[in-house]
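Engineer: Here the protein sequences come in this chain order: A and B.
Reminder that position 85 of the first sequence reads as 85 in this note's numbering, one-by-one numbering, no gaps.
Reminder that position 98 of the second sequence reads as 98 in this note's numbering, one-by-one numbering, no gaps.
If you are wondering where the hints come from, they were derived from the structure by calculation, not from laboratory data.
There is no bait here: all hints are sound.
Pairs involving identical chains hold if they fit within one copy or between any two copies, as the list cannot separate such chains.
In silico SDA-like cross-links for lysine to any residue, where the CA-CA straight-line distance does not exceed 25 Å:
{"id": "1", "residue 1": "Lys-147", "residue 2": "Met-185"}
{"id": "2", "residue 1": "Lys-25", "residue 2": "Asp-89"}
{"id": "3", "residue 1": "Lys-147", "residue 2": "Leu-113"}
{"id": "4", "residue 1": "Lys-206", "residue 2": "Asp-28"}
{"id": "5", "residue 1": "Lys-25", "residue 2": "Pro-87"}
{"id": "6", "residue 1": "Lys-25", "residue 2": "Arg-93"}
{"id": "7", "residue 1": "Lys-25", "residue 2": "Asp-62"}
{"id": "8", "residue 1": "Lys-147", "residue 2": "Asp-62"}
{"id": "9", "residue 1": "Lys-206", "residue 2": "Gln-179"}
{"id": "10", "residue 1": "Lys-25", "residue 2": "Arg-91"}
{"id": "11", "residue 1": "Lys-147", "residue 2": "Gly-53"}
{"id": "12", "residue 1": "Lys-147", "residue 2": "Phe-46"}
{"id": "13", "residue 1": "Lys-25", "residue 2": "Thr-205"}
{"id": "14", "residue 1": "Lys-147", "residue 2": "Val-59"}
{"id": "15", "residue 1": "Lys-147", "residue 2": "Val-32"}
{"id": "16", "residue 1": "Lys-147", "residue 2": "Arg-135"}
{"id": "17", "residue 1": "Lys-147", "residue 2": "Ala-48"}
{"id": "18", "residue 1": "Lys-206", "residue 2": "Val-183"}
{"id": "19", "residue 1": "Lys-147", "residue 2": "Glu-40"}
{"id": "20", "residue 1": "Lys-206", "residue 2": "Arg-3"}
{"id": "21", "residue 1": "Lys-147", "residue 2": "Ala-90"}
{"id": "22", "residue 1": "Lys-147", "residue 2": "Val-65"}
{"id": "23", "residue 1": "Lys-147", "residue 2": "Trp-137"}
{"id": "24", "residue 1": "Lys-25", "residue 2": "Ala-90"}
{"id": "25", "residue 1": "Lys-147", "residue 2": "Glu-43"}
{"id": "26", "residue 1": "Lys-25", "residue 2": "Val-59"}
{"id": "27", "residue 1": "Lys-25", "residue 2": "Glu-78"}
{"id": "28", "residue 1": "Lys-147", "residue 2": "Thr-186"}
{"id": "29", "residue 1": "Lys-206", "residue 2": "Asp-30"}
{"id": "30", "residue 1": "Lys-147", "residue 2": "Ala-196"}
Computed from a predicted structure; not experimentally measured.
There are 2 protein chains.
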Amino acid sequence: MTRLALHNYYRSSTSYRVRIALAMKGLDYDYVAHHLRHGEHLEPPFRALNPQGLVPALVLEDGSVLTQSLAIIEYLDETHPEPPLLPRDARGRARVRMIAQMIACDIHPVNNLRVLTSLRTLYGAGDDDVAGWFRHWVGETFGPLEKILAESPHTGRFCHGDVPGLADICLVAQVANNQRFGVDMTPYPVIARINAACLDLPAFTKAAPQNQPDAE
Amino acid sequence: MTRLALHNYYRSSTSYRVRIALAMKGLDYDYVAHHLRHGEHLEPPFRALNPQGLVPALVLEDGSVLTQSLAIIEYLDETHPEPPLLPRDARGRARVRMIAQMIACDIHPVNNLRVLTSLRTLYGAGDDDVAGWFRHWVGETFGPLEKILAESPHTGRFCHGDVPGLADICLVAQVANNQRFGVDMTPYPVIARINAACLDLPAFTKAAPQNQPDAE
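Just chain A, with the same shape it has in the complex (with noise of 0.2 Å):
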C-alpha cells in the first residue's frame, strides 16, 4: 500500500479538475509531473501506467489506475461521500453533469493541446489561428451555458445551490484555461461570478495551475 498518486501537469485543465476534487475530499497525495509540452506523457512508462498517454491519472493505494478526469472525480465522490460533489436528487444530478459535460465534452477536448498542434501541423495555423479557434469554441459553449445559468432557479452562489461541486470544477478549470487564450469574460457575468466565488474557496487555489510544485 501506498499514498495515492496523481500523474498530471499543472497547466492541463483536466488536471485541475481533479486536484479539485482531491482537494476539496481533504485527500493527500503524490504529486507526479509529466510536462506535456515536452511530450514526457507520450513515453514508454507513462504509457504503461495509461495506455492513451494522457493525464490525468490518479494511481489508488492498490496500484490500480484511473483515468479520465470526470470518472475518477465520480469516483472519489462516491468512496468519498463528504463534501457531495453531486446534489442528492437525480434531477440535480443530471443538471450538475450537464453543465459539466457542456465544457468537459464539447469546449475541452476540441481545444486540447493535441488537436491545437494538428491544426499546425496539418494546416499551418499560427498562433493567430490557433487562439481564435479556441475562442470560438469556448464561445458556442459558454454563451448556452450563461444563458442556462442566469436563467435557472436552481443557480445559485455556485452552479447548483450553494455549495460547489463538479459543475463549478469543470467551470473554473475552463476559465483558468481561456485566460491564456485571451478569451473576453464580458459576456459572460453569471460565469465570471462563480468562478471569483470558487476563488474564494481554499480547494480550488490549492489546486490551482500557478500553485503546483511545476508551475513555471
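Use these hints to put chain B onto chain A, whose structure you have.
Structural biologist: Positioned in the frame of chain A, the structure of chain B alone reads:
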C-alpha cells in the same frame, strides 16, 4: 403530463446512445427528428429547448429538458434502475465511465459535424482530409481502448463483464459512426467482438440509425 420526447437525429451517435438506453430500460417516447445537415437544430424553436442547439435533448413528462447524452443516460439509470447500466461497485463504475468517456470526450467531440465543417471552411479541407482527420482521432483512442479491453480481467462478453451497459452503448454508437468514414476495424478485434455481441440484442438494433423514422 405528456410522454417522454427525444429530440434527435438518426445518424447522430450521441442520439444513438440515448436511444439504446431508452430501449434497454423499456421506455417509450415520442421521436422528434432534427435534420442536422439542414441546420434544423440551430433554429429558434429548438434553441428555446436547448440553448446549445445540440441533439440529443430529452423532454421529460413534466416538460423539463435534459441534455448531454451521458448525463441523460445516468439520469435514466438512476430513475429506472433495471436493468442497471453501471456496475454496483465503485471501481467497476469508474472503469465503465472511463471507457465511456474515452469515446465521449476523446473521439466524438473532435470528430463532430461542426468541427469537420470548420476544417472545411477555415482550412479548405476536402472529403479525404476530413476522413483522415476522423480516422486519426478514432485510432488515437481505439488503439489504447483495444489494449485496455484485451488485457483486463474485467472484460467479458461486453466491456465490463457479461452484462451490457454504458460503455457498450458508447462503443456501439462510435463503431456505427466509424463505418461512415471507412475505419478499418482489423486492429480492434475485441472492440469488434463486443460490438457484434451488442448488435445481437434487440435494444441495440431497435435504436440503430437505419431503423429510425428519419433515416435516409
